[in-house]
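Asker: Okay, here's what each chain looks like letter by letter:
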Amino acid sequence: MKAIKLAMVFAPVVVAVGCASFPDADETRSSAEQMVKEAFPGMPETLTRRAMQDPAQRTCSIVGDAKLSPEQAAQVVQTSQASFKYPASGKLAGDWKAGAKLAADGAGLRIRGGQVEKMKENGGLCVNCHALDPQDVNVGNVGPSLTGYGAQRGSSDAVVKYTYEKIYNAWAYFPCSNMPRLGHNGFLTPEQITHVVAYLVDPQSPVNKK
Amino acid sequence: MNEFRRAFLKLTGGAGALVVAAASGLLASGNAWSAAWNKEGFESKALADAMKSLGATNAVASKDIVITAPDIAENGAVVPIAVTSKIPKTESISIVAEKNPFPLAATFGIAAGADSYVSTRVKMGQTSDVWAVVKADGKYFVTKKEIKITVGGCG
Amino acid sequence: MSEPMRLRATLQGDVADVRILMRHPMETGTRKDAKGEIVPVHFIQSVTVNHNGKTVLEAQWSQAISRDPFLGLRVKGAKAGDKISVTWTDNKGDKRTDETTVAAPS
Amino acid sequence: MTRSVYAGLTAAALFCAAVPLSAQNSADALAIGRQMLAEDNPGELWAQRGERLFAEKRGPKGASLERCDLGLGPGKVAGAFAQLPRYFADTDKVQDLESRLMTCMVELQGFKREDIIRNRFGTPDRDSDMEALVSYVGSKSNRMQMDMPLAHAKEREFYKSGEYLFFRRSGPLDFSCATCHTEDGKRVRLQDLPNMMDPKQMQMVVSTGWPAYRGTQASVRTMQHRLYDCNWQMRQADLGFASDTSVALTSYLNGRAKGGVIQLPGVRR
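As given, the protein sequences belong to chains A, B, C and D, one line each in that order. Throughout the first sequence, residue numbering follows the numbering used here, covering 1 to 210 in sequence. Throughout the second sequence, residue numbering follows the numbering used here, covering 211 to 365 in sequence. Throughout the third sequence, residue numbering follows the numbering used here, covering 366 to 471 in sequence. Throughout the fourth sequence, residue numbering follows the numbering used here, covering 472 to 740 in sequence.
Just so you know, these hints were derived from the structure itself, not from any lab. Hints are supplied without guarantee of correctness; some may be wrong.
[To be verified] Below, a list of computed lysine-lysine pairs in the DSSO-like style, where the Cα atoms sit at most 30 Å apart:
id, chain 1, residue 1, chain 2, residue 2
1, D, Lys657, A, Lys210
2, A, Lys37, A, Lys91
3, B, Lys249, C, Lys460
4, A, Lys209, B, Lys358
5, C, Lys397, B, Lys309
6, C, Lys460, B, Lys255
7, A, Lys209, A, Lys91
8, D, Lys547, D, Lys671
9, C, Lys397, B, Lys249
10, C, Lys400, B, Lys296
11, C, Lys441, B, Lys299
12, C, Lys444, B, Lys249
13, C, Lys441, B, Lys273
14, C, Lys448, B, Lys299
15, C, Lys441, B, Lys296
16, D, Lys657, A, Lys97
17, D, Lys657, B, Lys358
18, D, Lys564, A, Lys37
19, A, Lys210, B, Lys358
20, B, Lys309, C, Lys457
21, D, Lys657, A, Lys166
22, C, Lys441, A, Lys118
23, D, Lys657, A, Lys67
24, B, Lys296, C, Lys444
[Said to hold, decoys possible] Computed footprint of chain A on chain D; a stretch qualifies when at least three of its residues, placed anywhere within it, have a C-beta under 8 Å from a C-beta of chain A:
id, stretch
25, 682 to 694
26, 698 to 708
27, 714 to 728
[Said to hold, decoys possible] Which chain D residues stay away from chain C? Per the calculated CB distances, all over 10 Å, these:
id, residue
28, Leu516
29, Asp540
30, Asp596
31, Thr653
32, Gly656
Built from N, CA and C at the ideal position, the CB exists for glycine as well.
All chains, full assembly: derive it from the sequences and hints.
Answerer: Shown next, in the form of structure tokens:
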């Protein structure tokens, strides 16, 4: 039923195009990549290079209904696993209170008027996409709810290590998932990640309170 | 005497305060609505002072006042609030946002030619109770509604 | 010179539904401009609505009313073609009056 | 005295019929407010000003925009928005509404391109003529259907490039447009995210979406601003105003919104 409805709605586009052909994938890529190069006039290269893709981003840019092949997925997992870095202390679960703040805030690294905005304290802004503290209703749902994360999984070394690595580079476990590679991309430091880990697993954290 | 009024008078120490209400503020100056801006009220920093400036210190809770507004406002800079009074002889409607730096936001003097209904938009710095204060036939009535203010979007 | 108000007055039975949008910054006196200087408090203090020349509503506002303010009201005993005029006055003494006629329901 | 007033008011509140605070159901809790704002949209004030600016003789050349060709012929405003972006032979470019208005303001009125770009987004201290003009032109397609042309090869190139860019991931958050806009029922915090794979939702975004009065910014914003802002949230450098990237993305969105009934300006948080 849904498929039929979609087909009907799409039909006018197809008719309007008629026999005229669209550029193929290679032509489109080359045209669009040229557009990206010219998208930020007057901006220094130190900033525009953020728009340049690394190999994993390129693989994970799946247009339309195309699918990630098993080989591509394996490749992304492999390079992502090789990216892990751990804090000097070796301790992967830090202070949950610091983690709570990191999960709720973070407007850093944004660019306006050709420069990185005066550093608002950086954070993970986890609540934009995940439910965490059950008392907080102002949360997004792009990612799954993490309420009760530690209460369900415990806080064993294995859980802590997985959680740390998942935040550091999610693609090592879920290739091309929506989750940003927060550690790998330098968005959060290894120490900041340990605090977010604690916020998720610590039994005292509001995440694990009813 | 309804139960709201009884409860109210008990808590506020009886009808004595009505005298204060009648004596204070331009709204108590009979039916002709004076154009003088209620400086004292608009510069009040506390709910109680704002109420006092309206003469509404001894106001009675009423179900005949309806506040139409969202439970959650996505943007504190533009919070739509409409107030309908079903109380006969409504003379004025005031809107008071309790936790605003200056709680009294607006007073609408309703002349005979208008329905006792107003709609406007108010800035609210934080989640707060919003009070609608109605003066009708020389008496004061109130109701309130909590409006939650959220931080939205990508933060 | 201020932007004209946007006025709508539509008949519903014998009541005119009046909706008024005004262009005004409604500055609270706490905002800083691009140079970091405080923008002085600047807001509409009073709005008067007349129906065929007779005042039906008189509003007093604080700076807590939102930027580009809205006022909605209902005027009783109205007919198509009746005049609705609205005047606002702000704390700097600036004034603006605009007028519309009550429209029959479409 | 003060204390008794407080006590009295609080007591009154307790006795009042309780206000239901069903914060769990956020869509309902927000809905009344959204509807009340939409019914009386301050964006109408921008459209009104834009209409005046369009007809006024302005700029170093002292000309109005009444000879501006927005795609349907000089001075024809009605229906123009419904068929943008499109290819323009005089500039040999695919242009969206903002880009095309800028061409007219430069060519007909003699305004400087860099000044228009500097004033592209209004601030509380300074109105943007562009935002007013876009509001006016957009509103002159109201009740018509989106019908962006794909007849010219460049129009098809922009549409396909826009699709590619929509799915292209980059930056320190690994985001693309698709990250947030390809599933139903998603939100960033309490803000609904339209699923742009669903033509109905796409139609809503384009035909009743932008230009829109943004309550949080106390100004009308246009699609160029929406794209700039998303790009900023994604931690990218300032997206060029009327850049090919922004026009290509708009081509993809508007092309997919075909058939959407236009009602502009919109109103948004």
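Asker: Look at each hint and say if it fits the structure.
Answerer: Outcome of the hint check:
For the hint linking D:Lys657 to A:Lys210, the alpha-carbon distance of about 24 Å falls within 30 Å, and the restraint holds. For the hint pairing A:Lys37 with A:Lys91, the CA-to-CA distance comes to about 42 Å; that exceeds 30 Å, so the pair is violated. A distance of roughly 19 Å separates the Cα atoms of B:Lys249 and C:Lys460; the hinted pair therefore holds under the 30 Å criterion. Between A:Lys209 and B:Lys358 the CA atoms are separated by roughly 23 Å; this keeps the pair inside 30 Å, and the hint holds.
The suggested pairing of C:Lys397 with B:Lys309 holds, with an alpha-carbon distance near 22 Å, which does not exceed 30 Å. Under the criterion of a C-alpha separation no larger than 30 Å, the hint pairing C:Lys460 with B:Lys255 is consistent with the structure, at around 28 Å. Simply put, A:Lys209 and A:Lys91 have alpha-carbon atoms about 24 Å apart, close enough for the 30 Å limit, and the pair holds. At most 30 Å may separate the alpha-carbon atoms for a hinted pair to count; D:Lys547 and D:Lys671 meet this at roughly 28 Å.
For the suggested pair C:Lys397 and B:Lys249, the alpha carbons sit about 24 Å apart, so the restraint of at most 30 Å is met. For a cut-off of 30 Å, the pair hint linking C:Lys400 to B:Lys296 is broken: about 49 Å separates their Cα positions. A C-alpha spacing of about 14 Å is found between C:Lys441 and B:Lys299, which places the hinted pair at or below 30 Å, so the restraint holds. At roughly 37 Å between alpha-carbon atoms, C:Lys444 and B:Lys249 are farther apart than 30 Å, so this suggested pair is violated.
A threshold of 30 Å between alpha carbons decides the hint, and for C:Lys441 with B:Lys273 the separation of about 23 Å falls inside it, so the pair holds. Between C:Lys448 and B:Lys299 the CA atoms are separated by roughly 25 Å; this keeps the pair inside 30 Å, and the hint holds. In summary, the hint linking C:Lys441 to B:Lys296 is supported, as the alpha carbons are separated by about 15 Å, within the 30 Å threshold. The straight-line distance between the Cα atoms of D:Lys657 and A:Lys97 is roughly 28 Å, inside the 30 Å bound, and the hint therefore holds.
About 21 Å separates the Cα atoms of D:Lys657 and B:Lys358, which keeps this hinted pair within 30 Å; it holds. Proximity of D:Lys564 to A:Lys37 is assessed by CA-CA distance (about 17 Å); at most 30 Å being required, the pair is judged to hold. About 22 Å separates the Cα atoms of A:Lys210 and B:Lys358, which keeps this hinted pair within 30 Å; it holds. Our distance criterion of 30 Å between C-alpha atoms is met by B:Lys309 and C:Lys457, whose separation comes to about 27 Å.
For a cut-off of 30 Å, the pair hint linking D:Lys657 to A:Lys166 stands: about 22 Å separates their Cα positions. Restraint check for C:Lys441 and A:Lys118: the C-alpha separation of about 55 Å exceeds 30 Å, so the hint is violated. At most 30 Å may separate the alpha-carbon atoms for a hinted pair to count; D:Lys657 and A:Lys67 meet this at roughly 22 Å. About 24 Å separates the Cα atoms of B:Lys296 and C:Lys444, which keeps this hinted pair within 30 Å; it holds.
By the rule of at least three residues with a Cβ nearer than 8 Å to a Cβ of chain A, the coverage given for the stretch 682 to 694 of chain D is violated, with 0 such residues. Counting residues of the stretch 698 to 708 of chain D whose C-beta sits closer than 8 Å to any C-beta of chain A gives 5, which meets the bar of three, so the coverage hint holds. Taking a C-beta to C-beta cut-off of 8 Å, the stretch 714 to 728 of chain D contributes 7 residues in contact with chain A, enough for the three needed, and the coverage statement holds. Residue placement check: D:Leu516 does not keep its beta carbon more than 10 Å from all beta carbons of chain C (closest about 5 Å).
Even its closest Cβ contact with chain C, about 28 Å, leaves D:Asp540 beyond 10 Å, as expected for a residue assigned away from the interface. Against the 10 Å criterion, D:Asp596 falls within the reach of chain C, whose nearest CB is about 5 Å from its own CB. Interface exclusion of D:Thr653 from chain C stands, the closest Cβ pair being 35 Å apart, more than 10 Å. Look at D:Gly656: its CB is around 30 Å from the nearest CB on chain C, clear of 10 Å, so calling it non-interface holds up.
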